[in-house]
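Taking the hints into account, I'd like the entire structure generated from these sequences.
Just so we're aligned, residue 509 is where the sequence shown starts under our numbering, counting upward by one.
Everything labelled a hint here was simulated from the structure, so no lab data went into it.
Among the hints, erroneous ones may be present.
[Stated by the list, open to error] Pairs of lysine to aspartate or glutamate, EDC-like flavour, derived with a Cα cap of 16 angstroms:
(1) K513 - D644
(2) K513 - E540
(3) K513 - D595
(4) K513 - D582
(5) K513 - E541
[Said to hold, decoys possible] Have a look at the derived ranges for each label pair, beta carbon to beta carbon:
(6) D555 - A648: 27 to 35 angstroms
(7) D556 - D620: 18 to 26 angstroms
(8) S633 - V563: 29 to 37 angstroms
(9) S592 - A637: 31 to 39 angstroms
(10) I609 - E589: 20 to 28 angstroms
(11) S525 - A638: 23 to 31 angstroms
In this text, all values refer to a predicted model and were calculated from it rather than measured experimentally.
We put the CB at the ideal spot given by N, CA and C, even for glycine.
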Amino acid sequence: MELEKREFTVLVSSVASDSHTWNLVFLQLLLEELGHRVVNIGACVPDDLLIASCVRHRPDLVVISSVNGHGHHDGVRVINELRSHPDLIGTPVVIGGKLGIGGVDNARHTDDLLRAGFDAVFDDSAPIAAFREYVDALGALTAVTA
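What follows is the structure, encoded as structure tokens:
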């Protein structure tokens, strides 16, 4: 058995209160470098637009990024909205970035966000390698080699 990566579609967004775009461009470039198709819907995305975009594009992964420090508050609301939509219940959704305004204490938000329904949380102290490993694992398929 050998693991093989598959290309998939990733939808990248910020939360409604976050106007930063450099993080979204970075994520898009990283995900494209990993061989995935990216739909970047931008910054300050209202929850209803995020849900409509997910339903329209049917991504294999949704990545929410926050730089403004409100990722925890906005993230809980967003994941509740996403998980309440029947077409999105099983879609992998992750959040990362600056999840709070408490500096090194921001990592405490991880458990709350996972309990709320995120599949993974990457606070701003996490190395980018952890995110890459998550994406690689999600895209890994088992294939029988001759």
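(message) So, against the hints stated earlier in the document, which numbers end up violated here?
(response) 3, 4
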